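A.B. asks: So the chains spell out like this:
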Amino acid sequence: MIKAQRKGLEEIIKMIGSKKKLLIAGCGTCVSICFAGGDKEVSMLSSELKMALKNKKITINQVVPQRQCEKEFNQEIKDQVVKADLVVSLACGVGVQVLAEQFPKAKVVPGLNTLFMGPPKEQGVWFENCAGCGNCVLDLTGGICPVARCAKNILNGPCGGSQNGKCEVSKDTDCGWQLIVDKLKSQGRLKDINKVWEAKNWQTARDGGPREIRREDLLLKHQITNK
Amino acid sequence: MARFKSGSNLEKVFLSGTLAVTGELGPPKSADRKVIAEKADILKGYVDAVNITDCQTAIVRTSSIASAAILMERGLEPIVQMTCRDRNRIAIQSDILGAAALGVKNLLCLTGDHQSFGNHPEAKNVFDLDSVHLVSCLKNMRDKKIFINGEKMDVAPKMFIGAVENPFADPFEIRAPRVGKKVAAGADFFQTQIIYNVPKFKKWMKQVRDLGLHKKAYIMAGVAPLKSAGMARYMKNFVPGMDVPDEYIERMVEAKDPKDEGINVCVDIINQVKKIEGVAGVHIMAIEWEEAVPVITERAKLLPRPTL
Chain W
1 MIKAQRKGLE
11 EIIKMIGSKK
21 KLLIAGCGTC
31 VSICFAGGDK
41 EVSMLSSELK
51 MALKNKKITI
61 NQVVPQRQCE
71 KEFNQEIKDQ
81 VVKADLVVSL
91 ACGVGVQVLA
101 EQFPKAKVVP
111 GLNTLFMGPP
121 KEQGVWFENC
131 AGCGNCVLDL
141 TGGICPVARC
151 AKNILNGPCG
161 GSQNGKCEVS
171 KDTDCGWQLI
181 VDKLKSQGRL
191 KDINKVWEAK
201 NWQTARDGGP
211 REIRREDLLL
221 KHQITNK
Chain C
228 MARFKSGSNL
238 EKVFLSGTLA
248 VTGELGPPKS
258 ADRKVIAEKA
268 DILKGYVDAV
278 NITDCQTAIV
288 RTSSIASAAI
298 LMERGLEPIV
308 QMTCRDRNRI
318 AIQSDILGAA
328 ALGVKNLLCL
338 TGDHQSFGNH
348 PEAKNVFDLD
358 SVHLVSCLKN
368 MRDKKIFING
378 EKMDVAPKMF
388 IGAVENPFAD
398 PFEIRAPRVG
408 KKVAAGADFF
418 QTQIIYNVPK
428 FKKWMKQVRD
438 LGLHKKAYIM
448 AGVAPLKSAG
458 MARYMKNFVP
468 GMDVPDEYIE
478 RMVEAKDPKD
488 EGINVCVDII
498 NQVKKIEGVA
508 GVHIMAIEWE
518 EAVPVITERA
528 KLLPRPTL
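Those protein sequences? They're chains W and C, same order as listed.
By the numbering used here, the letter at position 50 of the first sequence is numbered 50, and the numbering carries on one by one without gaps.
By the numbering used here, the letter at position 215 of the second sequence is numbered 442, and the numbering carries on one by one without gaps.
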């Protein structure tokens, strides 16, 4: 689901600075699946750092909790985290922040760049297909998201830059609206796109400020009284 | 069509039944009003109104509304281009009001080239609205005196509402219905992408007529003079949504005076498109070559322009 890519070794070494006792903390969920922060990637970074910093007498520990975004799982790695001078987290940005908040004295730095939500396209290729806008319209577009898959998130697409099924921004990127047109046509409902869509309410997206979900039916008694 | 939605010269020319002619002016990459004034003076008298581009291909230039004010001082009528790339709905509506207060009477609604084409590819884009939303927003401001949020205003911006379509983009089958969508949203006139492939344009115009759209809005055929064979090849291969047939590239390659030949090709295309039923005008995009417009309009027998 969440896709990420590892930062370059040089950038990671810069963040490490003069720290000696390192912990590399991966994550066993999303970033394992996209080969950015699982067991193998944690070991690889460890080897790369040992080679690059062999004269600096560093020690490197490795851990891969099941999910770095949930504190329960991070409790299992508490000892390693607190003993380290620096934690290089190979989790997504969510995991890095949870770990940093959970262990306030620990210095946690990101070893990955978190990119998007999306599925695999083929072996070794992933693409973004959901922008998390908070107001899903996939019922109208044949299951293809114009917000995530159009470079201009056009709701009344396609724009005049669509050619041979590709986006004007890159010949490697499919035009989301060409896909929508093809899909609606195959379902005999192409005329649906003649409807003028209203301007979108972006309050449910990131534009409305940082978002939070609060499920009253799931809250425990003490949460309600504290509120 | 109802009479005088905006009272712009362009609207009056359309209503008079004369083939309308518009030109284009790209503001400079500096605060030099002289450049705008000089370009304007070249076009004066040869066109009915002048498009002013809004940071075209996402390159920072003097604002289209500020440039429009300079044009009006010099007695030309501007068509202010407005994109959704750099403004959210707050800025868009504010700029529409400001342009109207300055006396702007034509506004062309565009989604806008993606910023990755331009000279600030690092920029965050906006695209809060798209071109169809922008048309609809302007229509509601003008005719219902309401903002997007439904609030009322006292004085409406009386604008002639322009939109664009690219008959050469894909998927072809939705290109005419897309005009219908913009007409439904409130577009009064259209300017097309630059036409070189006339047979394809004819095919598109037939679809437009079959949908009855040429009776609901004025369609202007977009043309542009080629400057060189290199420019023709560049447009064919690198400009998204451009379709330049090889016959014109060959004409440019063989020409002794490529600039003159480019003007001739442009005139040939104007002569072909103006005969097509439903074409109400031509939009001449002489990119950084304003001097070509007097020659083109002369050779295509589009002069004198009416004074209404």
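Don't read these hints as lab results, they were simulated from the structure.
Don't take each hint at face value.
Taking lysine to aspartate or glutamate pairs in the EDC-like style, the calculated list, with each CA pair at most 16 Å apart, reads [said to hold, decoys possible]:
(1) W:Lys200 <-> C:Glu515
(2) C:Lys366 <-> W:Asp207
(3) C:Lys232 <-> C:Asp370
(4) C:Lys454 <-> C:Glu515
Now the stretches of chain W that chain C is said to cover, found in silico as 3 or more residues with beta-carbon under 8 Å [as the list claims (entries may be wrong)]:
(5) 120-127
(6) 181-194
Being a predicted model, the structure only gives us computed values, none of them experimental.
Ideal placement from N, C-alpha and C gives every residue a C-beta, glycine not left out.
A.B. asks: If a hint holds in the structure, say so; if it doesn't, say that too.
C.D. replies: Going through the hints against the structure:
1. The straight-line distance between the Cα atoms of lysine 200 (chain W) and glutamate 515 (chain C) is roughly 37 Å, outside the 16 Å bound, and the hint therefore fails.
2. In summary, the hint linking lysine 366 (chain C) to aspartate 207 (chain W) is not supported, as the alpha carbons are separated by about 26 Å, beyond the 16 Å threshold.
3. Note on lysine 232 (chain C) and aspartate 370 (chain C): the hinted pairing holds, with a Cα-Cα distance of about 9 Å set against a maximum of 16 Å.
4. For the given pair, lysine 454 (chain C) sits about 10 Å from glutamate 515 (chain C) by alpha-carbon distance, which is consistent with the 16 Å threshold.
5. Counting residues of the region 120-127 of chain W whose CB falls under 8 Å from any CB of chain C gives 0; the rule of at least 3 is not met.
6. Look at the region 181-194 of chain W against chain C: 5 of its residues bring a Cβ nearer than 8 Å to a Cβ of that chain, three or more, so the hint holds.
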